[in-house]
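In order, the protein sequence lines correspond to chains A and B. Going by my numbering, the letters in the first sequence line up with residues 1 to 318, in that order. Going by my numbering, the letters in the second sequence line up with residues 1 to 318, in that order.
It is worth saying that the hints were derived from the structure and are not from the lab. Be aware that a few hints might be false.
Heads up, the list lumps identical chains together, so a pair's fine if it works in one copy or across two of them.
Unchecked claim - Straight-line C-alpha distance at most 16 angstroms; calculated EDC-like pairs for lysine to aspartate or glutamate:
hint, residue 1, residue 2
1, Lys17, Glu261
2, Lys274, Glu297
3, Lys17, Glu297
4, Lys69, Asp192
5, Lys65, Glu181
6, Lys296, Glu230
7, Lys274, Glu202
8, Lys274, Glu244
9, Lys274, Asp313
10, Lys17, Asp270
11, Lys296, Glu253
12, Lys69, Asp195
13, Lys17, Glu291
14, Lys69, Asp137
15, Lys17, Asp137
16, Lys69, Glu28
17, Lys296, Glu28
18, Lys17, Glu253
19, Lys17, Glu28
20, Lys69, Glu251
21, Lys65, Glu253
22, Lys65, Glu230
23, Lys69, Asp9
24, Lys296, Asp270
25, Lys296, Asp99
26, Lys274, Asp152
There are 2 protein chains.
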Amino acid sequence: MSLAEGVRDGNVRATAKLISLIENSPGEAEPELRALHPYTGNAQIVGITGSPGIGKSTLTDRLAKRFRKEGSRVGIIAVDPNSPFSGGALLGDRVRMQDLATDPGVFIRSMGARGMLGGLARATHNAIRVLDAAGYDAIFVETVGVGQSEVDIVRTADTVVVGLVPGMGDDIQTIKAGILEIADVFVINKADRPDAHRLVIELQMLLGTSSHAEAGWVPPIEQTIASTGEGVGALRTAIAGHWEYLHGSGELEARRRNRYEAELQSVVEDHWRKRFFEYWQPGGHWEQVVEQLLRKEIDPFSAAQQLLAPFLDSNTGG
Amino acid sequence: MSLAEGVRDGNVRATAKLISLIENSPGEAEPELRALHPYTGNAQIVGITGSPGIGKSTLTDRLAKRFRKEGSRVGIIAVDPNSPFSGGALLGDRVRMQDLATDPGVFIRSMGARGMLGGLARATHNAIRVLDAAGYDAIFVETVGVGQSEVDIVRTADTVVVGLVPGMGDDIQTIKAGILEIADVFVINKADRPDAHRLVIELQMLLGTSSHAEAGWVPPIEQTIASTGEGVGALRTAIAGHWEYLHGSGELEARRRNRYEAELQSVVEDHWRKRFFEYWQPGGHWEQVVEQLLRKEIDPFSAAQQLLAPFLDSNTGG
Numbered sequence: 001m002s003l004a005e006g007v008r009d010g011n012v013r014a015t016a017k018l019i020s021l022i023e024n025s026p027g028e029a030e031p032e033l034r035a036l037h038p039y040t041g042n043a044q045i046v047g048i049t050g051s052p053g054i055g056k057s058t059l060t061d062r063l064a065k066r067f068r069k070e071g072s073r074v075g076i077i078a079v080d081p082n083s084p085f086s087g088g089a090l091l092g093d094r095v096r097m098q099d100l101a102t103d104p105g106v107f108i109r110s111m112g113a114r115g116m117l118g119g120l121a122r123a124t125h126n127a128i129r130v131l132d133a134a135g136y137d138a139i140f141v142e143t144v145g146v147g148q149s150e151v152d153i154v155r156t157a158d159t160v161v162v163g164l165v166p167g168m169g170d171d172i173q174t175i176k177a178g179i180l181e182i183a184d185v186f187v188i189n190k191a192d193r194p195d196a197h198r199l200v201i202e203l204q205m206l207l208g209t210s211s212h213a214e215a216g217w218v219p220p221i222e223q224t225i226a227s228t229g230e231g232v233g234a235l236r237t238a239i240a241g242h243w244e245y246l247h248g249s250g251e252l253e254a255r256r257r258n259r260y261e262a263e264l265q266s267v268v269e270d271h272w273r274k275r276f277f278e279y280w281q282p283g284g285h286w287e288q289v290v291e292q293l294l295r296k297e298i299d300p301f302s303a304a305q306q307l308l309a310p311f312l313d314s315n316t317g318g
Numbered sequence: 001m002s003l004a005e006g007v008r009d010g011n012v013r014a015t016a017k018l019i020s021l022i023e024n025s026p027g028e029a030e031p032e033l034r035a036l037h038p039y040t041g042n043a044q045i046v047g048i049t050g051s052p053g054i055g056k057s058t059l060t061d062r063l064a065k066r067f068r069k070e071g072s073r074v075g076i077i078a079v080d081p082n083s084p085f086s087g088g089a090l091l092g093d094r095v096r097m098q099d100l101a102t103d104p105g106v107f108i109r110s111m112g113a114r115g116m117l118g119g120l121a122r123a124t125h126n127a128i129r130v131l132d133a134a135g136y137d138a139i140f141v142e143t144v145g146v147g148q149s150e151v152d153i154v155r156t157a158d159t160v161v162v163g164l165v166p167g168m169g170d171d172i173q174t175i176k177a178g179i180l181e182i183a184d185v186f187v188i189n190k191a192d193r194p195d196a197h198r199l200v201i202e203l204q205m206l207l208g209t210s211s212h213a214e215a216g217w218v219p220p221i222e223q224t225i226a227s228t229g230e231g232v233g234a235l236r237t238a239i240a241g242h243w244e245y246l247h248g249s250g251e252l253e254a255r256r257r258n259r260y261e262a263e264l265q266s267v268v269e270d271h272w273r274k275r276f277f278e279y280w281q282p283g284g285h286w287e288q289v290v291e292q293l294l295r296k297e298i299d300p301f302s303a304a305q306q307l308l309a310p311f312l313d314s315n316t317g318g
């Protein structure tokens, strides 16, 4: 039985193994991903992001439990671009939620960046594809930081939840710096802290002046205390509301179209790049051209033209 | 007279015009850049980076004046990836240093990201190429923030100066997060603030445990008060010391080789990408494939293979 068949069959070990293959030997994973592609597109992909220390993993775990109670099968991918660790089910304080880790309806996976061949965003995207084809109804993608790479990862979700906590001075700055545009739902966690109300007001003001105001969806601002579970039901309802909006408005298809287009472009470029270097690297050709540049015997534009010639022949208008 | 000839001739308007062309019509700028390439490689390129508010532009201006006093001609490129403005000579508080702006031995230019065709890093790199060929002896590239794009820009410099100020709690965190590796010289500005000494100690400890300790160059830690000019002479000496190290150790050639290699790769990919879309976009071919992906009639890997076929014929081992 192929890995793809195992995944479709609900075999957790095959699922885990294919995700490892995606991380370590993306080329070998390709035939399996091809086979799984027709079975994807059913899961709701929920991205959860926000600064470190806001309680993202507790929030994710609480949400996952809610989805479980509704009978959904849940996948959780915790992405940390700065972590050297990858592949384990337990990441940091995830240990806390052992009951989730032992629930057969839940698949938990951490993904780190170090030593991974190919990009983390692409690997995450393909891991989502696997869980989607494996029949998980909801897939949570939790990113650890708020850098550009995390934003790139989380924006591939259908619904992006941005978490904040009161009293972290840089939050509104962070939001202004790009998080605002990708948020579908805001959640203020640790909402029993004194400044919670002020943060709500600040957010509302920001939202009022943003482009969201003209769009069909204004991100709701939910308040939770993840450690006790308070407010998680309302957050779950907000996520459901966004899912309905995505379906009703045609926005789901638009987002998925964009996602497929970005993926296609990235796969095309990777394959082409691989071929290009297979052609030019043997015999040190590539290095020789770099030396010529250094000695000013050629300029980079003429050099590029020469190197591209075999790939741009008469077929392609060259 | 071509723009390239004007640049070589010391014509400031031609220089400014060519940089605008690089920003707005990179394709048209190419022949000029080809012509200028043989005349490059003489300037010392000094990158200056650090969090907002540390006094980078004052520091750059003070340094520029020092270089001027030594008889050097100086180029200053202030890069702000978040700014919609580009092309003007005066950016923000740069107005302060009007004496520099009117000095014919100084060329000042701001570059922003919005509306720029092609990447900002590439445009900056080509603007440096122009100033280098125009005979500026030192070129300062000042970046406004500390994000990944700023790091990408500043790491193309020969000498990277990382600025810090005492009492900004996140500094050491920022340094740990990637700035440490690119710094050739540290400068603690506003060094009359109370915590300056502690910051020096913390930095020394970080440097002691870093890979720098094994390399041939340990970044010196200079202290300045840019507003009064105090310490700027020592900073100038540290930059000179690094320049000597680069020449003596062979590191300059190694850095430039890496830079040319990265540039060549990026030019090759841009040219190829342009050709690829010229081939597939007319008639809506590209969009049709994306629709097929959305309808699961094809998977992204097979789709990529089909789209690449005309570019990978028998010539290239296809």
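Q) Is it within a copy, between copies, both, or neither that the alpha carbon of Lys17 lies no farther than 16 angstroms from that of Glu28? A) within (12 angstroms within a copy, 50 angstroms between copies)
Checklist line | 16 angstroms Cα threshold - placement of Glu202 relative to Lys274 | finding: Neither, since 48 angstroms and 43 angstroms both go past 16 angstroms.
**Message:** For Lys17 and Glu253, with the copy left unspecified, which applies at a CA distance of at most 16 angstroms: within, between, both, or neither?
**Reply:** neither (30 angstroms within a copy, 44 angstroms between copies)
(Q) Within, between, both or neither: how does the pair Lys274, Asp313 come out at a Cα-Cα threshold of 16 angstroms? (A) For Lys274 and Asp313, only the inter-copy Cα distance (15 angstroms) is at most 16 angstroms; the intra-copy one is 19 angstroms.
Practice prompt. First find the shortest C-alpha distance between Lys17 and Asp270 inside one copy, then the shortest across copies, and answer within, between, both or neither for a cut-off of 16 angstroms.
Written response: Neither. Shortest intra-copy (23 angstroms) and inter-copy (36 angstroms) distances fail the 16 angstroms Cα cut-off.
Quiz item: Taking 16 angstroms as the upper bound on the Cα-Cα distance, should Lys296 and Asp270 be classified as within, between, both, or neither?
Solution: neither (29 angstroms within a copy, 21 angstroms between copies)
Problem set entry | Within, between, both or neither, where Lys274 and Glu244 count as close if Cα-Cα is 16 angstroms or less | neither (41 angstroms within a copy, 38 angstroms between copies)
For Lys296 and Glu28, with the copy left unspecified, which applies at a CA distance of at most 16 angstroms: within, between, both, or neither?
neither (41 angstroms within a copy, 21 angstroms between copies)
Given identical chains, is Lys296 near Glu230, meaning Cα to Cα at most 16 angstroms, within a copy, between copies, both, or neither?
neither (66 angstroms within a copy, 40 angstroms between copies)
Checking Lys296 and Glu253: alpha-carbon separation at most 16 angstroms within a copy, between copies, both or neither?
Between. Shortest inter-copy distance 13 angstroms satisfies the 16 angstroms Cα cut-off; intra-copy 50 angstroms does not.
State whether the alpha carbon distance between Lys69 and Asp9 is at most 16 angstroms within one copy, between copies, both, or neither. This pair counts as neither: shortest intra-copy Cα distance 23 angstroms, inter-copy 75 angstroms.
Homomeric proximity label, Lys69 with Asp137: Cα distance no greater than 16 angstroms | within (13 angstroms within a copy, 69 angstroms between copies)
Checked against the numbered hints given earlier, this structure breaks hints 1, 2, 3, 4, 5, 6, 7, 8, 10, 12, 13, 15, 16, 17, 18, 20, 21, 23, 24, 25, 26; the rest are met.
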